[in-house]
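From first to last, the protein sequence lines are chains Y and Z. Under this note's numbering, the residues of the first sequence are numbered 8 to 446, in order. Under this note's numbering, the residues of the second sequence are numbered 21 to 385, in order.
If you are wondering where the hints come from, they were derived from the structure by calculation, not from laboratory data. Being a predicted model, the structure only gives us computed values, none of them experimental. Among these hints, one or two may not hold up.
With a Cα cut of at most 25 Å, we get these calculated DMTMM-like pairs of lysine to aspartate or glutamate [unchecked claim]:
id, chain 1, residue 1, chain 2, residue 2
1, Y, Lys301, Y, Glu419
2, Y, Lys202, Z, Asp35
3, Y, Lys221, Y, Glu206
4, Y, Lys202, Z, Glu362
5, Y, Lys202, Z, Asp288
6, Z, Lys335, Y, Glu213
7, Z, Lys255, Z, Asp152
8, Z, Lys335, Y, Glu113
9, Y, Lys202, Y, Glu213
10, Y, Lys202, Z, Glu295
Take a look, some chain Z residues computed to stay more than 10 Å from chain Y by CB distance [what the hints assert, rightly or not]:
id, residue
11, Asp118
12, Arg144
13, Arg147
14, Ala186
15, Val264
16, Leu320
17, Pro339
18, Pro345
19, Glu362
Facing chain Z, according to a computed beta carbon distance under 7 Å, are these residues of chain Y, among others [as the list claims (entries may be wrong)]:
id, residue
20, Asp153
21, Ala431
22, Val433
The beta carbon of each residue, even a glycine, is placed where N, CA and C say it ideally should be.
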Amino acid sequence: MSGQGRVTARAGLFLGRAALRLRRIRAEQRARAWQHDVLGPPLRLSPREKELVGRHWLEARFAPGLGRKVAWVTSGAPVELLKALDFFVVYPENHGAICGTARVAEGLMMEAEAAGYSRDLCSYARTDIGCVLSGRTPVGRIPRPDLLVACTNICQTVLFWYRVLAEMFEAPLLLIDTPFVYYDEAPAHAVEYVKRQLEEAVPLLERISGVGLKAERLRDVARLAKTASELWMEVMQRNRHQPAPISAIEQFIQMAPIVEMRGDPETVDYYACLLAELDERIARGIGAVQAERKRLLWDNLPVWYRLRDLAETLGRHGVVLVASTYTNAWGELAPMIDPERPLESAARTYLHPILNRGTGHKLATMRRMIDDYRLDGVILHSDRSCKPYSVGQIDQRERLTRDYGRPALLLEADHNDPRCYAEAQVANRLAAFIEMLGP
Amino acid sequence: MNPLPAPPSLPRRRDVAHAHRARGGRVAAVLPIHAPRALLRAFGFLPIEVWGPPNVNASHAAAHLQPYVCSIVGNALSFLLSGGLDVADLVLVPHACDSLQGLGSILIDFVHPRATVLPLYLPRGQRPCDVDFLADELRALAERLQAVSTRTPTSDDLFACIEREAQADDLLARLHEVRARLPWSDPEIYGLLRSREFLPAEEFIPVAEATLRQTGPAPRCGVPVLLSGIVPEPKAVLEALRNVGVVVVGDDLACTGRRLYRRSSDPDPYRRLAESLLSGPPDPTRGSPIRDRLAHLRELAGRSGARGVIFYDVKFCEPELFDLPRLRAGLQAAGIPSIAIEVELNDSQPHQALTRIEAFAEMLA
């Protein structure tokens with residue numbers, strides 16, 4: 008990397024950080040005047056979270072200029088190893104979510120579709136491919152990957168998608184294959200298989216990054232990842248209180264650091280502050296909605312382009328989404344992470360996310376969460392773009408209703424493609440469901 | 021002038037299963053794509069594959085699966101729920117994609133069919149660790165098969181089964197090589213090739229040998245094409261190809277051409293099975309790079325003399341759909357035109373697909 012390049016990158020970072028700080032200060036000023044007829048006051052920390060995520064993408068942009076290698080990874084990838092080797096880690100799924108909330112995903116997907124990628128493919132993948140093909144992104148610029156890492160613990164789709172990226176960028180693709188766990192726990196040979204893949208990946212990663220793996224550094228990153236995951240779990244568990252201080256819809260926004268900055272000290276600091284703010288809200292009786300009446304569980308990815316609408320629609324009826332299996336997934340595995348045995352525990356941890364486990368396990372998780380958070384019903388987002396999450400929901404819904412006495416609604420949509428969102432139909436079904444919840 | 025020899029008379033899948041049961045045998049219904057036939061045979065199960073099937077009452081599956089799940093998986097569940105798999109003692113669900121994963125999971129957790137359901141995870145790579153894992157996975161499957169069958173085959177029994185299946189696979193590969201010179205139509209040839217999905221190897225072998233003796237000196241007349249995709253259903257499409265003068269000279273279908281496994285000589289029977297299962301032509305469900313698929317298609321087209329490629333896919337099939345744009349662009353760059361057709365298995369007369377095939381054939385001719 009040339010000296011001139013480094014100077015340019017540093018200058019860009021400096022200016023970008025200053026702009027993000029200014030944006031945060033303005034957002035904090037606006038938030039003080041914020042009023043809503045049904046929703047509770049926003050989190051004071053929200054502008055800081057946006058700044059944190061903004062800085063992540065800013066640093067991504069200038070990472071190559073500062074001599075860092077860039078890895079594009081799937082959201083369930085064992086990122087600790089990459090961070091310990093000083094890769095800058097970029098999450099196309101998170102970028103997809105940013106495009107979804109910014110409502111620019113549709114245009115990007117159409118770019119991919121024009122290039123021959125079917126509308127039946129995952130909308131995150133289409134958003135990402137459209138971004139690569141067009142160069143358009145709301146985060147400024149995404150650096151080219153020096154490495155792609157696809158871990159199959161969230162779906163097989165990511166491997167099909169990353170194979171496409173590998174050809175587009177002519178970048179090496181590292182596969183971490185995590186056999187699906189049909190029964191209670193992954194068998195020993197599956198744990199050994201994942202551990203071996205991680206161990207065998209080290210020489211390749213060292214060669215690309217130019218950095219040797221140090222055991223102490225890996226332990227530190229694992230420790231930070233564990234602490235952040237524990238704090239995130241505590242954040243969600245604060246919703247055992249009534250009224251719930253943070254809705255699951257807000258959690259969808261607040262989860263960005265635990266996904267894309269897991270293993271960073273800033274993430275630990277941020278969630279510690281968030282926890283303190285939630286405790287303050289609990290002490291002051293501040294809820295996510297002003298008059299909490301019914302508490303619901305959300306299953307599956309959010310509908311990124313309708314978060315606010317959903318919060319308001321539910322809030323008008325005193326209904327709050329208190330918990331979600333999706334946000335829960337980023338905290339529930341914290342006890343499995345063992346910084347003293349980072350690779351072995353990573354193998355076990357990354358085999359067991361909810362998406363890599365059977366449909367019966369998800370039902371059991373939902374039942375546990377219903378009890379834990381004292382929930383009145385469930386909305387199951389039947390997400391056209393996420394088959395691993397959605398297949399099984401019809402049976403899960405039936406059992407929640409029949410065996411567990413909780414009303415459950417199956418809501419057809421797509422997490423990133425607004426063309427699959429039937430506005431009137433969703434409104435009607437939500438209205439009927441809310442009525443069914445009773446007074 | 022000698023009349024053309026009649027194509028081999030093949031029993032129906034269902035009749036083979038019932039006849040096997042009537043003889044006191046056990047039947048394993050096996051879902052797509054890659055499965056260890058020899059292992060099932062060693063435990064006394066006759067594997068009968070279930071690719072859909074087409075034209076079943078799909079409403080049964082609607083009680084469990086969303087409409088955006090592919091019709092191979094949806095139909096398999098409908099078929100099971102309507103009693104179509106009552107003949108089976110066992111349902112084996114290899115893990116090929118998210119939809120098959122979901123099917124296996126809901127069968128185990130919610131549907132609870134009478135037959136025992138066993139999943140099998142197939143690794144997505146071909147590294148040494150993938151072979152070792154698959155060998156372990158097959159050992160674990162063997163333990164479950166033992167529990168279901170109460171049979172304990174010896175190592176020699178297993179090797180014998182492996183050898184018999186390898187012989188059948190060798191002949192299947194030969195049939196693919198000479199397919200253009202067989203004196204029958206493509207619907208008839210696919211009937212023969214796909215009988216490997218349900219005939220016991222010892223019955224498939226003499227049929228294949230007799231067929232190979234019918235190999236003629238010259239290829240059949242027609243516009244030569246290569247067929248890629250998942251499964252040649254509904255059969256109306258094969259009939260349509262014949263009617264417009266197209267001859268399938270090469271095959272990259274998941275149910276046929278992607279399952280031409282090579283022999284392994286590993287001294288451990290489970291590793292031998294694993295190496296062989298991972299040795300087939302490039303396959304997206306096994307994680308093969310797209311460039312390997314493209315190279316394979318180009319090589320296949322060159323070797324067979326195909327003038328074009330028909331990608332014949334089932335709607336919602338992600339493994340196929342992700343690869344299509346780059347495969348088609350790569351083929352185009354090599355001067356090989358292609359067409360992508362999407363169908364639903366229950367659409368017995370997919371008019372739009374048939375019209376497009378006709379136009380493609382005219383263009384090639």
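Q.
Which constraints among the numbered hints does this structure fail? Numbers only, ascending.
A. 2, 4, 6, 7, 11, 12, 13, 17, 18, 19, 20, 21, 22
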